[in-house]
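When we follow this note's numbering, the leftmost residue of the sequence shown carries the number 8, and every step to the right adds one.
Treat the hints as calculated values from the structure; they're not laboratory data. Do not take every clue at face value.
Unchecked claim - Label-pair ranges, simulated between beta-carbon atoms:
{"id": "1", "residue 1": "E98", "residue 2": "D212", "range": "25 to 35 Å"}
{"id": "2", "residue 1": "G68", "residue 2": "L111", "range": "23 to 33 Å"}
{"id": "3", "residue 1": "A254", "residue 2": "T101", "range": "48 to 58 Å"}
{"id": "4", "residue 1": "L111", "residue 2": "R180", "range": "28 to 38 Å"}
{"id": "5", "residue 1": "R187", "residue 2": "G242", "range": "16 to 26 Å"}
{"id": "6", "residue 1": "P48", "residue 2": "R134", "range": "43 to 53 Å"}
{"id": "7", "residue 1": "L172", "residue 2": "A194", "range": "16 to 26 Å"}
Every residue, glycine too, gets a C-beta built ideally from N, C-alpha and C.
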Amino acid sequence: MTTRLKERPVDGVLFDVDDTLVDTRGAFARALDAVRERYLPAAGPERLDEMLHHWRSDPGGWYRRYTRGETDHLTQRRHRAVLLHETFGGEPVTEALFEEWDELFWSTFEDSWTPFDDAAPALAAAREAGLRVGVVTNASVELQERKLASVGLGELPVLVGVDTLGFGKPDPRVFAEGARKLGTDPARTAYVGDEPALDAAAARDAGLLGVWLARHGVRRRLHETEDHDELRASGVVVIRGLAELPAALDGGREQASAPA
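Could you build the full structure based on these sequences and the hints that come with them?
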């Protein structure tokens, strides 16, 4: 990995956490498989991918309500559990059932947190290059601090969570607050995340350098048809892994419009 950035156009890098630094998709898959085995006997293991897509695509919009500050984290999860059972043939999710359901789901989820292999080297490369680094996330600060600590990335500061301002991405104020806390000009700050619209394009619209981390096999099936060239033409940098980040930042905003 290249670790020196020549005449870099950025002074700092803000990172997303889930599916950027931590394999959250894999953790959700294991948690949902545990739920499937205990509570959804009609759904065989061959339906796990469908269940995972259902959970992450959030068809009821409950997680999006949470990121807009309209509900709390536990309530959004309960509503998503209800919809999951309705979709995959489970018994009604009563208050009592949800208590034990959530204990299984959340404990399995937490036990399954793992970092991507390129996360720690990318952070080390950024620091070696003299860049300031931090996290802007749509989960709570406390949750993401625990998550990062559990996977060995606890030295990375969580600067902005959904509870910091009461709402999350894609609101431009979230990215602006991240740059402010990082101590960098937004125009000289990169934001790296796995969501092309919610992360990269929203950061670009907020005046940052938006970097879409298009990891193979991590994207939600619903959004896997994004046009990389179109995103680049709009000012977004596209990388396939964090090992490509130093070169992408070295190229800066010129890289965003470069051909594939």
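Structure-based check of each hint:
no.: 1; hint: E98 <-> D212: 25 to 35 Å; result: 44 Å, violated
no.: 2; hint: G68 <-> L111: 23 to 33 Å; result: 24 Å, holds
no.: 3; hint: A254 <-> T101: 48 to 58 Å; result: 53 Å, holds
no.: 4; hint: L111 <-> R180: 28 to 38 Å; result: 37 Å, holds
no.: 5; hint: R187 <-> G242: 16 to 26 Å; result: 22 Å, holds
no.: 6; hint: P48 <-> R134: 43 to 53 Å; result: 49 Å, holds
no.: 7; hint: L172 <-> A194: 16 to 26 Å; result: 21 Å, holds
Checked against the numbered hints given earlier, the structure breaks only hint 1 and satisfies all the rest.
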